[in-house]
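Participant: In case you want the letters, here they are:
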Amino acid sequence: MSREVMEYDVVIVGGGPSGLSTAIKLKQLNPDINVCLLEKASEIGAHILSGNVFETRALDELLPNWKDLNAPIKTKVTKEKFLFLGKTKKISWPTWLLPKVQQNHNNYIISLANLCRWLAEQAENLGVEIFPGFPASEVLYNEDGSVKGIATQDMGLDKDGNKKDSYEPGMELHGKVTVFAEGCRGHLGKELIKKFELDKGKDPQQYGIGFKEIWELKEEKHEEGLVMHTAGWPLDNNTYGGSFVYHAENKQIFLGYVIGLDYKNPHLSPFDEFQRFKTHPAIKSMLEGGKRISYGARALIEGGFQSLPKMFMPGALLVGCDAGTLNMPKIKGSHTAMKSGMIAAETIVDHLNSNKELSVYEEKFKNSWVYKELYEARNVKPSFSWGLILGIIFTGIDQILFKGKLPFTLKHKHADHETLKPANEMPKIEYPKPDNVITFDKTSSVYLTGTNHTDNQPVHLQLKDKDLPIKYTLGKYDEPAQRYCPVGVYEIQKENEVEKFVINSQNCIHCKTCDIKEPSQNITWVTPEGGGGPKYGNM
Amino acid sequence: MKILVAVKRVIDYNVQIRVKEDGSGVVTDNVKMSTNPPDDNAIEEAVKIKEAGKASEIIAVTVGEEKAQETVRKALAVGADRGIHIKVDSVLEPLAVSKILKKIVEKENPDLVFMGKQAIDDDCNQTGQMLAAHLNWPQATFASKIEVKENSLEVTREVDEGLETIEVNTPAIVTCDLRLNEPRYASLPNIMKAKKKPIEQINASDLGVDTNPRIEHIKIEEPPKRKAGIKVASVEELVQKLKNEAKVI
Numbered sequence: 001m002s003r004e005v006m007e008y009d010v011v012i013v014g015g016g017p018s019g020l021s022t023a024i025k026l027k028q029l030n031p032d033i034n035v036c037l038l039e040k041a042s043e044i045g046a047h048i049l050s051g052n053v054f055e056t057r058a059l060d061e062l063l064p065n066w067k068d069l070n071a072p073i074k075t076k077v078t079k080e081k082f083l084f085l086g087k088t089k090k091i092s093w094p095t096w097l098l099p100k101v102q103q104n105h106n107n108y109i110i111s112l113a114n115l116c117r118w119l120a121e122q123a124e125n126l127g128v129e130i131f132p133g134f135p136a137s138e139v140l141y142n143e144d145g146s147v148k149g150i151a152t153q154d155m156g157l158d159k160d161g162n163k164k165d166s167y168e169p170g171m172e173l174h175g176k177v178t179v180f181a182e183g184c185r186g187h188l189g190k191e192l193i194k195k196f197e198l199d200k201g202k203d204p205q206q207y208g209i210g211f212k213e214i215w216e217l218k219e220e221k222h223e224e225g226l227v228m229h230t231a232g233w234p235l236d237n238n239t240y241g242g243s244f245v246y247h248a249e250n251k252q253i254f255l256g257y258v259i260g261l262d263y264k265n266p267h268l269s270p271f272d273e274f275q276r277f278k279t280h281p282a283i284k285s286m287l288e289g290g291k292r293i294s295y296g297a298r299a300l301i302e303g304g305f306q307s308l309p310k311m312f313m314p315g316a317l318l319v320g321c322d323a324g325t326l327n328m329p330k331i332k333g334s335h336t337a338m339k340s341g342m343i344a345a346e347t348i349v350d351h352l353n354s355n356k357e358l359s360v361y362e363e364k365f366k367n368s369w370v371y372k373e374l375y376e377a378r379n380v381k382p383s384f385s386w387g388l389i390l391g392i393i394f395t396g397i398d399q400i401l402f403k404g405k406l407p408f409t410l411k412h413k414h415a416d417h418e419t420l421k422p423a424n425e426m427p428k429i430e431y432p433k434p435d436n437v438i439t440f441d442k443t444s445s446v447y448l449t450g451t452n453h454t455d456n457q458p459v460h461l462q463l464k465d466k467d468l469p470i471k472y473t474l475g476k477y478d479e480p481a482q483r484y485c486p487v488g489v490y491e492i493q494k495e496n497e498v499e500k501f502v503i504n505s506q507n508c509i510h511c512k513t514c515d516i517k518e519p520s521q522n523i524t525w526v527t528p529e530g531g532g533g534p535k536y537g538n539m
Numbered sequence: 001m002k003i004l005v006a007v008k009r010v011i012d013y014n015v016q017i018r019v020k021e022d023g024s025g026v027v028t029d030n031v032k033m034s035t036n037p038p039d040d041n042a043i044e045e046a047v048k049i050k051e052a053g054k055a056s057e058i059i060a061v062t063v064g065e066e067k068a069q070e071t072v073r074k075a076l077a078v079g080a081d082r083g084i085h086i087k088v089d090s091v092l093e094p095l096a097v098s099k100i101l102k103k104i105v106e107k108e109n110p111d112l113v114f115m116g117k118q119a120i121d122d123d124c125n126q127t128g129q130m131l132a133a134h135l136n137w138p139q140a141t142f143a144s145k146i147e148v149k150e151n152s153l154e155v156t157r158e159v160d161e162g163l164e165t166i167e168v169n170t171p172a173i174v175t176c177d178l179r180l181n182e183p184r185y186a187s188l189p190n191i192m193k194a195k196k197k198p199i200e201q202i203n204a205s206d207l208g209v210d211t212n213p214r215i216e217h218i219k220i221e222e223p224p225k226r227k228a229g230i231k232v233a234s235v236e237e238l239v240q241k242l243k244n245e246a247k248v249i
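These protein sequence lines map, in sequence, to chains Y and W. The first sequence: position 105 = 105 (my numbering), numbered continuously. The second sequence: position 83 = 83 (my numbering), numbered continuously.
Do not rely on the hints blindly, as some may be mistaken.
From the derived model, a few chain Y residues whose C-beta atoms are all more than 10 angstroms from chain W [said to hold, decoys possible]:
hint, residue
1, Phe196
2, Lys442
3, Lys476
So these bits of chain Y aren't anywhere near chain W, every CB distance computed over 10 angstroms [as the list claims (entries may be wrong)]:
hint, residue
4, Gln102
5, Glu129
6, Lys190
7, Lys200
8, Gly225
9, Glu363
10, Lys413
11, Pro422
12, Pro427
13, Lys500
14, Asn522
Here are the simulated EDC-like cross-link-like pairs (lysine to aspartate or glutamate), alpha carbons at most 16 angstroms apart as the crow flies [said to hold, decoys possible]:
hint, chain 1, residue 1, chain 2, residue 2
15, Y, Lys100, Y, Asp165
16, Y, Lys291, W, Glu221
17, Y, Lys218, W, Glu21
18, Y, Lys291, W, Glu182
19, W, Lys67, Y, Glu124
20, Y, Lys291, W, Glu222
21, Y, Lys251, W, Asp22
22, Y, Lys164, W, Glu182
23, W, Lys227, Y, Asp435
24, Y, Lys163, W, Glu182
25, W, Lys195, Y, Glu124
26, Y, Lys291, W, Glu66
27, W, Lys48, Y, Asp165
28, W, Lys67, Y, Glu121
29, Y, Lys251, W, Glu21
Since the hints were made in silico from the structure, they are not lab data. Idealized CB from N, CA, C, for every residue including glycine.
Chain Y extracted, bound-state conformation:
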């Protein structure tokens, strides 16, 4: 096997906020460092999905003149609401009674995908080489075990792995330092965390699945600058989650729902909970007369401080949510991801210039405001394992009275794949049929994501044991993959009375939920051919 090799000072895997901030900061500190950034999406931003209410703190430090550079950050938050929903009722919670971390008056409603496109322009202007459409599929190691770089995915293999006419071998990119910035549940990050035991002594990582739709509303129902969050219905007291509704520019709203992947009932369908949420009178009345124009979903990190792995290893660093820097009670991760990338860049420059150890990253990180934020936020998410009501009471005490300084740290007890109870012990959930006006099915939703994968290529959702879904998971958990996948990749089909587990990998939108939630960890997400996956616009 001969692959071409390219040498760089720094190779960055992933063109999200953390990777791009790393690249920009590196070039600002030393324009002579050569930096290459790979992105699996067909273009920067096409795999980015986020709420997003943006705190500019990290960007203010990185590019203080972002306003002059015409950054796509325009809509200031002007009004905030927090609602507790019952089935038909709502209670509005006064915003002054919200913990400070949940107040947004200095923040902006943005599309993170568009911000990333803009950051990529800034990075390219500084001389960063950006290559979209090239997934890093493999970590390369030196003989001493340190990270040497990555290899890109082979292109043009058929579904059995044979070379097609269009076959193009992957190439090796070697870096003095490799930065992994793949986002939540990066598949190389996952390998590195395991190999270097970066999560030793940490709590298991916690995840959520986030859905987002963009709607164009009728003019009279749109309130530019309004940020609204809800908790409660349709989720029960024991399931962690809530909604967001952000009124952006051009009569658009960003509407979404996040559900903790530590849910227990295998009959729960996160997608259908989100759809059902939209039928609440308070939400439905807003959407009526409007039009859904985008849909997508992505897993996100919820573990925070307790689950944050060691972020350095020989030859490489983890940044952003490849490690897990999202601040859950703040419902924000972009500013912390960016800052983690900037700290990584400072570390790398010291390493290349004066041979300082990469372990300095950890010290620098501990002395930064990101660490302080994550430390103060640490007890919020685990307290919700006691249920919504106790969680809220505790969070009030912890965040408002003690400002996150209580002298103890609650633990995350289980990984998300361990929390499902057997299907016969849990109540079935009847979800209403979509009306195709306010609520939709998965088929019409996946269409809006623009996702596609060349059909004749190896399946990128791999089963460790091919028989397990039918032999075990179907009987015990009623195969929850049918429900947790937000685009219906997994189906149980009956053929001549024989049940078959079908993987429609073409529809995959790279959310990584299956890799996280599969109760036996039987599904592994690997990189498909470059350019595959969703083609999100302004998500």
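We have chain Y already, so just place chain W on it with the hints.
Facilitator: Coordinates of chain W only, in the frame set by chain Y:
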């Protein structure tokens, strides 16, 4: 032999097209754009002919706004030697594009001009034919197989009745069908090399061509939503409905 290949930047075929609310066009802001798919076949075929030693140079040309250069850059990454970008601010009609291409042909003197059979944005399927008329060259449209001979091409065309094989003398225009070949991927090293290949930029206004639109757009709207189907219980009922409700038999 020199081959000129025309490529166009269009909305990616996977993206769901959204019509602007005021009916003035379709939304292109932050929408993923790509090379028009049959143009990829046109480039691939040119590169194959060059690899077979039957062509000496491939020039990729595009007519479009600043970012249309990406399309030329991609052609360079899969094997074109140099590029030409004709800069315009608005989307031009096929007639204007064919007049511009005529000027480029006169300047570059290629033996062959390849392009996709049509662009997936407006589906006009006119530019190649119009260029042939302007140049008074033979044309072979909807090519699914091309064989290069001395001073001529044998081209298999996809036509309604099946396949038609014709021979055209060179110089000639060939518009390419999707079945012509399987376009290769641009490899990372080739994308890097393509960044160093030259792209000549020419302002369309400097070519002395009348590019004024001949077509007036009155309104652009989405096609009506398909109504949900119904299930019928029997063949009789189906026939009934086709006769009385749909009135098609």
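Participant: Output the numbers, in ascending order, of every earlier hint that fails for this structure.
Facilitator: When the structure is compared with the hints, numbers 5, 15, 18 and 26 turn out to be violated.
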